[in-house]
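Chemist: Going line by line, the protein sequences match chains A and B. Counted the way UniProt numbering counts, the first sequence spans residues 1 to 479. Counted the way UniProt numbering counts, the second sequence spans residues 1 to 339.
It cannot be assumed that every hint is accurate.
[Claimed, not checked] Result set (DSS-like, lysine-lysine): computed pairs, CA atoms no more than 25 angstroms apart in a straight line:
{"no.": "1", "chain 1": "A", "residue 1": "Lys183", "chain 2": "A", "residue 2": "Lys38"}
{"no.": "2", "chain 1": "B", "residue 1": "Lys102", "chain 2": "B", "residue 2": "Lys122"}
{"no.": "3", "chain 1": "B", "residue 1": "Lys122", "chain 2": "B", "residue 2": "Lys142"}
{"no.": "4", "chain 1": "A", "residue 1": "Lys38", "chain 2": "B", "residue 2": "Lys142"}
{"no.": "5", "chain 1": "B", "residue 1": "Lys102", "chain 2": "B", "residue 2": "Lys142"}
{"no.": "6", "chain 1": "A", "residue 1": "Lys38", "chain 2": "B", "residue 2": "Lys102"}
{"no.": "7", "chain 1": "B", "residue 1": "Lys90", "chain 2": "B", "residue 2": "Lys122"}
{"no.": "8", "chain 1": "B", "residue 1": "Lys102", "chain 2": "A", "residue 2": "Lys183"}
[Unchecked claim] Short, incomplete list of chain A residues facing chain B, as computed with Cβ under 10 angstroms:
{"no.": "9", "residue": "Arg101"}
{"no.": "10", "residue": "Thr110"}
{"no.": "11", "residue": "Thr273"}
{"no.": "12", "residue": "Val373"}
{"no.": "13", "residue": "Val374"}
{"no.": "14", "residue": "Asp378"}
Everything labelled a hint here was simulated from the structure, so no lab data went into it. Even for Gly, the Cβ is constructed at its ideal location relative to N, Cα and C.
Residues per chain, in single letters:
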Amino acid sequence: MSSHEHVAEPRAPRVESPSPTWWVVFAREATDLWVGGKGLTLVLAYTVMLGVWSYVMASNTDLRLIPPKEMVWEMLEASISVGCFICMIAAADNISGDRERGALEALLLTPTSRRQLVMGKFLATLSLWPAVMAVTIPYLAVLSQGTDILGPASMWGMLTGTALVSGITAVGMVISLWSNSLKTSMSAALGLFVLIFMPFALPGHAQTGPMGLLLQLLSPLMATYDFLAKVLVNNRALTDHARPVGGLLVWHHLISPAFFGLAMFMLLFFTSTGLRIEAGRAAWTRRRSGRATAALAIACLLGCMGSADGLAGVAPSGPAARELEISIDRHHALMGQGDSLVYHTSLTNRATETSPPITVAMNIINLDSRGDVVDPEDWSPRRTQYIDSLRVGESVSLAWKVNAIMDGDYMLYMVAIAKPGRPENSVQPATSFGIHLTISPRVKLNPKGILLYVIGTPLLLASGMIYLHRRRRLASGGG
Amino acid sequence: MIPRDDTSGPRASSREILRADGLRMFYGSREALKGLSFSLGSGRVLGFLGPNGAGKTTAIRILTTILEPSSGSFAVDGVGSSDPQTIRRKIGVLPESLGFTKSNTALEHLTYFGQLYGRGAKEAQTRAQALVQEVGLEQRAKSPIGTYSRGMRQRLGIARALVNDPVVVFLDEPTLGLDPRGQKELLALVHRIPLERNASIILCSHLLSEIEGVCDEVVILSSGEVVASGTVNDVVRQARSNAMQADGIRVRVPSASVSKACQLLESLPEVGAAVPLRGVVGWVGITMVESDDGTPRDQHDNNMILDALIRADIAVLSFQAEVARLQDAFLHLTEEAIR
C-alpha cells in the first residue's frame, strides 16, 4: 500500500435523532389503545353488531327487496355513526381519564409541549376510525352484490367520515380537556352526541324545507348523509351538487362537514395549550379579546355553512315563479319497482290579483338517454288537478301518487299553468323542483356470501386479541 | 432507619440548586401559600412537612411547574420560573399518584418517558435498562406494571423521576402504603440518590421518622405558612425553646403505677418535675433540674432514674432518653400555628 493511498476514516457513530413528540405520544397511545385491548374490544363489538345487521338485511325476505345501493348507503351511515360514537367516547375518556388516573401529571412534568401531547393523543384516538372503515368495507362488498358502488361508497365514506369523525373526536378531546372528572366528560360527550343525532329523530316533513336547511346547518351529519344518498343512491353526478359561488364551483353538502372537521380541529389546536393538571381553559379563552375573536370566527363559520347550505334551497326563478309558486315536499325518493310514492305540492299565488283557473300537472322524464319513453298516465292514476282560482297570497296543498312502473333513474316535476285570459295570450308555467326517483329492479340479495363475514371478521379480531394477550404474557415470563 | 450524615461527601456541598422567594398562591380568595421562601444546596435532602391542607402539595406543584404561583418566583439550577420548559428538564418528580398504564412494562414505560425528554428510541431504551437495574427491577422489567406490588411501582416511579438525570428530585410520600421492609428498601434507594448522583432531594412525607432519618434540612408548613425551617436539629431546638413540655425524657410504666412513679421521681434531687403526659396512658414526662452553671446534666442521670424505678419495683415498659424529637417540634409548631 503506498503512502498516498487513501485510507478510509472510521465512521463516526450515527447520532440518533429523536422523533417529534407528537409522534412519540401517538405511537405510545395507539399501542396502548390497540395492544392494551380497548380499541380491539370496541371494534370487535362493532363487528358483531355489523354482522347481525348485515345478516338480517340479507336474509330477511322483505328487507332483501331493498336495493343493494341503498343497503350500502345505510351501512355506510351506520359505520360513520358508530365511528363518531366510538371516537367521541374514547376522546372524552382520554385526557380527563388520565387526569383522574394520575397519568396526566407525569406527562405534564416532562418538557414536552402541551399542544404536541394533545395532538398525539388526538391522532391515537382517531386511529379507531380507519379500523371501523376497514372492517366495514368487506360487508359493503358483500352487500353491493356486484354493483359498481363499492369504490365510490368506500371513497366517499372515508372522505366525509374522516371529516366528521375528526370533528367529533376533537370535540370529545376539548370536553375532556375542560373536565376534571371522567364522569363529567362522558356525560357531556354523550349529551352532545344525542344533540347531534336529534335531527334524525324528527318527523320527515320537519327535515325538509327551511327547517331542513337549518338542521343541515346545525348538523353536519345530516348534510353528509344527504350527500352520500345523492351520490351513491340517486346516481347524481358531483357537478349536480356544485353551485357556482364567485366563479367557483362549491359542493355545498361537503362544506358543512369539512368546515365542522376543520373548525373543531382548530378549536382543539388552540385550546390544547390549556392542558393542565386541573381542568381549565386555555389562556386565550380567559381573555376578552380571545373570546371575541373566537365568537367572530364561529359566526363566520356558521355564516359560511349557512350560505353554502342555503344554496341547496335556492329554487330556479323565473317570471312565473314570481306570480305562481309551486313547491314540493321532497327532493328525492328511493323506490323498488312496483312501489308507490305519495307526495304533496303547495301552490301559492304571489301575484297582486286573484289568479285565473290553474292547471297543475305531473311530468316524468327518464334521465337515461337510452331508456324507455315514459308515459305519465301509466305512472299516476291522476296526473292532472284543477284549481278554480287562488286569492292574493292564498295557498293550496295537493296530494299526488305515483307508481314505480319501471326501474331506472327518473325526474318527476310539477307544472302549474294559469289559464290565459285571451286566445292570443300565453303564460309562463311555474315549475317545481324535481323529485329524483331512483327505482331499483326487483332483485333479491344473495345472503350466502354474508355468513363468511358475519362469523369470520369477529373471529379474526378475537383471535388477534387472544394472540396479543398470550404474547404479552409470554414476554413477561407468565405461563 | 438510615443515619443522617451532615458532613460527608457531596451532601456537604453548598452550591445553591433551588431557591424559592415569596411564593404565594391564591385559589379564589383563599390563600393556600403565604410567601414560601427557602433555598436548597446541591446534594442536600430537604424534608417538606405539614399537616393536611398546609400547602405542601401546592408548594410542590409550583416548584415542579405544574402550577403557576400567584406571586413570587423560584429558580432551579439558575433557571428562573419564567422558563418552566427548561426547569422541567432539570427536575425529576415522583408524584403521589403514579399514573402508570397497567398494560405497559417497566421498560416500555421508561423508554417512553426517555423519548419525551428528547432521547432517540434506542438511547432511551438503553437508559431504561440501566434504570431498571439501578432500582432493582431488572427481573420484572418485561412484566406488565399491573402485576407489580406497591413497592415495585414506587421504585419504578423513582426510576422515572431519574430518567433525565435531574439536579433536583421531588418525592411526594414515597413510602405511602408500603410495609416496613418496603419502606426500608425504598429509603435506602432514596438515600443513594444524593450520594451517587449529587442530586438534591425534596421529600414530602407524613412519616416524621422518615424525614428525621433521611433529611438534612426541613421546612414545616402550616396553613400555607412556613412555621419553621433549617436543619432538623435547628428546628427541634427552635421548638424546644418555644416552651415545650419536659426535656424529652419519658418513661412508660403500668398505668396503675403512674402516680407512684411520679411521687418517687419527684423525690429525687436531680428531678425537677415528673408529671403524667396528657393523652398517652402510662407515660411520665420528666424535667431535670438544671445545673448551677446552666450546662446540660450528666447523661448518667438517665441511669439514675431507671435505677430508682427498678428499686421501687415499678415495671419500666419503655424509656425515651432523647432530648427532643422532630415529632414533638412538628406537633408543637403546627398546633401553635393553628391556634
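Chemist: Does the structure break any of the earlier hints, and which numbers would those be?
Modeler: The structure breaks hints 11, 12, 13, 14; every other hint is satisfied.
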